[in-house]
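**Student:** Chain residues, written in single-letter form:
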Amino acid sequence: MSSRTQKKGFGATIWDYLTTVDHKKIAVLYLLGGTLFFVIAGFEALLMRIQLMYPENTFVSAGFFNELLTMHGTTMLFLAAMPLLFAFMNMIVPLQIGARDVAFPFLNSLGFWLFLFGGLFLHLSFFMGGAPDAGWTSYASLSLYSPGHGIDFYVLGLQVSGAGTLISGINFLVTIINMRAPGMTFMRMPLFTWTTFVTSSLILFGFPPLTAALILLLFDRMFGAQFFNHLMGGNTIIWEHLFWIFGHPEVYILILPAFGLFSEIIPTFSRKRLFGYSSMVFATILIGFLGFMVWAHHMFTVGLGPTANAIFAVATMAIAVPTGMKVFNWLLTVWGGSIKVTTPMLYALGFIPSFVAGGVTGIMQATAPLDYQLHDSYFIVAHFHYVIVGGIVLGILGSTHFYWPLFFNRMLNETLGKITFWVFFIGFHMTFFLQHFLGLMGMPRRVFTYMPNQGWDTFNFISTIGAFLMTAGVILLVINVIITTVKGEPAGNDPWEDGRTLEWAIPQPIPFYNFRQTPLVRGLDPYWIEKQDGNKEGMLYAEPLGDIHMPNNSIVPFVMTLGLFIASFGALYSPLGVADDSRVWAIPVLVIGLAITFGSMIYRSLKDDHGYYLTVAEIEEIEEQLYGKKGGNK
Amino acid sequence: MAHDTPVVTRSAEQQKYYRANTKAYMQRQVTNFAIMIFLTLIAFAAVMADFSKNLILPLILLLAGIQVVLQLYAFMHMEEKDAHEIGVVTMFMWTGAFFAFMMFLAFVTVIWW
Amino acid sequence: MDTLKKYTPETWPAHAEQVTLEGKNKFVGFWLFLACEIVLFASLFATYLALKNKGPAGMEFSTQELYELPLAFAMTMILLTSSLTSVYAMYHMKNYNFKGVQLWMGITVLLGFSFLCLEIYEFNHYVSLGFTFGSSAFASAFYTLVGTHGFHVTVGLVWITALILRNAKRGLNLYNAPKYFVASLYWHFIDVVWVFIFTVVYLMGVVG
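Chains X, U and P are the protein sequences, given in the same order.
Its first residue numbered 0, the first sequence is counted upward by one per residue in numbering that gives the first Met the number 0.
Its first residue numbered 0, the second sequence is counted upward by one per residue in numbering that gives the first Met the number 0.
Its first residue numbered 0, the third sequence is counted upward by one per residue in numbering that gives the first Met the number 0.
Calculated directly from the structure, the hints in this document are not laboratory data.
If you're wondering where the values come from, they're calculated on a predicted model, not measured in any experiment.
For every residue, glycine included, the Cβ atom is placed at its ideal position computed from N, Cα and C.
Any given hint could turn out to be false.
Now the in silico label distances, taken between C-beta atoms and shown as ranges [as the list claims (entries may be wrong)]: (1) U:Pro57 <-> X:Asn551: 53 to 59 angstroms; (2) U:Ala19 <-> P:Val126: 51 to 57 angstroms; (3) P:Leu20 <-> X:Ile338: 55 to 61 angstroms; (4) U:Ala33 <-> X:Val590: 43 to 49 angstroms.
Listed below are several chain U residues computed to face chain X (Cβ distance under 7 angstroms; list not exhaustive) [to be verified]: (5) Glu84; (6) Ile85; (7) Met90; (8) Phe103; (9) Val107.
Chain X with its partners taken away, still in its complex shape (with noise of 0.2 angstroms):
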């Protein structure tokens, strides 16, 4: 009875979170981590444009540069972005399929404690002698001669939270798979499901390449291995093939859920069903296998020849056909709608024109000729984040007012979002828009300063202060959210008035076991059909009320990490290592640590977890402290 028991202390409540398999409780932990490394990564980006305000400014040294632009890149795809829609997947996913959690509690909460000490420990490089400079792609000749132990910890760091993301992958392809509840068939999935299932599998088959790929650096840097040093018969080339086959599905990773939560958002607000539900589940599942079909389109300038690069580039513009039929699909299901402009909506809206603009540009891109030009310009750094800011950290911004009263049965300010919206959406373009003119202007990316009357400088200055506008935009949300903590009324049931999906149907606060009975689903927007046909519980119920069988909660996942994270310091200062000051003490830290892993796995399979039933005695009584006599959906 663990996670029932109501204890109010502070290290009962920290306990309790470190200790959690519920997938709400982990979900929360995940936007919790997530935004702590995105107001980070946030944070090295504002120094790296105030740097770059005023041509020849001295505000930071090339070198600190170098390790902003390595640090503000690999944080943000993955330690921000990928946990914050982790932790809409983790939120949202269960709920919308009908499901009391994912398929494996257990590894839900190892995969974030992964991320998490695997970020923690790429981020101790700051304070350990310097942080990683090669860039997020990290291309092997120049990684691998960089002094210090800044990529060692690029390569750890990584490699842990990589395995935590793997992890969490599957979890979601096995709970979508397995998990549905009666009548909940594929093609009656909510599209953010879907979205999370392709992005899952793309997880799948994206990070086994990565893997490989720190593996190589990893015994180049540390344990002597050629595969990267052209004078032993190594060929850097390969570093760059297997971090796109991983680096191209990436970016399809993080937008496809962006992509899922607008088109949760938009047929609510336009109180319209989805227009094209089976075209858009095909364009996502299309643009997820393409995606693994284009990575050479990074590598046009490597010098693959003719045919390769015709071949990619062929490809990369097929990707603009599903995707397109995804914009034209969000368009219609506006058309014609009552539509109602929240701020999640607005959101919504802004994305659409932002990121049509960053997948023109990646058209662009996508004509190698054209590429000569554009390659490792500023062109390339207003596309990506034209993409990324535009369709991502928008579509996170938008659901989390979407979705913070079903986190936290709290509504965020109305006024006070839309304000944050203009602020941000104003400041993002003012960043990047002008980054396009830079690039084609010649600019190169990648550098800490350039001379003036270069026909550079205006244009650097108003990108600054863009940045600026974007920080003030974070800012207000942040107090937003503490106004809401203090003062917010609860939501309660349907807080938005036109939930379509099994999510919004669940009485507010979810217990801990979401569903008392396991629901029925009767077509696409389960609730949206109970709503019209009058049922004022919301669902229709597939099972009587019944015991429920519970997981038991566990420290193990976060001893099994700790060890982890400890014996990455063994292995960094491993005496074989690239840099000269290993220490005595690497070895026995390696063999601690990696012990401390093997031992809780042995002792997580020697120690059965049967996990436990809850009667329905006590589900009526829950429910009872929850909703008073008559609340709930009794």
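Put chains U and P on the given structure of chain X with help from the hints.
**Tutor:** Frame of chain X, contents of chains U and P only:
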């Protein structure tokens, strides 16, 4: 969800049939094993006999492919149509194999050197 | 507890590993893990193919001269046989014959262990010739690919041994049936990878 698994008792007759079935199944598996060993032998012999390279390379790759399909479908029971969500599983396995093939193709053709 | 219920050969379900929700989850989840392993090994294979025979100027090792084909053939035979023995274990699981399961799983472990010994011998032999991990890109790629497979074998051995010991006293039930099944899947997968290593690394290496 389905936590209460109904217990179905097979009658003596059914049990006999069940046993005969599993036994026939095991015999098929031994045959598959014999085929695998045989294919490995052919591949090994072809290389040892030093045939033309253009003959050996396609031959041994084909034999390896057949063996893997046998492993997956027979030994790992992917052939059992009534296994849980085996269709989804099959799709994922072949998608993985397809991506693997793409990587081979890329690494033997466009590793620029 | 439902999952710990005692069964008889007459009541034991044909697909015991897929009866409970936990079993189904394990089944699908493990298959997905294997799909992901395909891509992991594909990365290492592709790296090996790209770096095959590449080394510093005047490297004395090439795939034709280095590899001990008869040894690799023997290892293939051992691993293929261990695949069959784990099929026997699954056959006995269908018949609710727990002793059979334990026995055949035990034989699988023994065969796997002898495979591992041969691999260690092989690596040792190559190193003694001067073909060390850091001596060339070719060597690094070879040891990483074959060594990753060897690591998987080691994990499989520890895993199956732990299963055999842990369940020695309690017999088959719906809680541990999926565990045995998944372990046997893993073992077959190791064999699948080895079939490719034998073909792509050893046979194709000797052909040149």
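**Student:** None of the hints should be skipped; say for each whether it holds.
**Tutor:** To see whether the hints hold, each was checked on the structure:
At roughly 55 angstroms, the beta carbons of Pro57 (chain U) and Asn551 (chain X) sit within the given window of 53 to 59 angstroms. For Ala19 (chain U) and Val126 (chain P), the hinted distance range of 51 to 57 angstroms is satisfied, since their beta carbons lie about 53 angstroms from each other. Hint check: Leu20 (chain P) to Ile338 (chain X), Cβ distance near 42 angstroms, so the stated range 55 to 61 angstroms is violated. As the Cβ distance of Ala33 (chain U) to Val590 (chain X) is approximately 45 angstroms, the hint placing it in 43 to 49 angstroms holds.
With its C-beta approaching chain X no nearer than about 6 angstroms, Glu84 (chain U) sits inside the 7 angstroms limit, and its interface hint holds. Taking 7 angstroms as the C-beta cut-off, the interface hint given for Ile85 (chain U) is violated, the closest approach to chain X being about 11 angstroms. For the restraint placing Met90 (chain U) at the interface with chain X, the shortest Cβ-Cβ distance is roughly 10 angstroms, beyond the 7 angstroms limit, so the hint is violated. Taking 7 angstroms as the C-beta contact cut-off toward chain X, the hint placing Phe103 (chain U) at the interface is violated, the least distance being around 12 angstroms.
Annotation: interface hint on Val107 (chain U) violated; nearest CB of chain X at approximately 12 angstroms, more than 7 angstroms.
Violated hints for the displayed structure, listed by number in ascending order: 3, 6, 7, 8 and 9.
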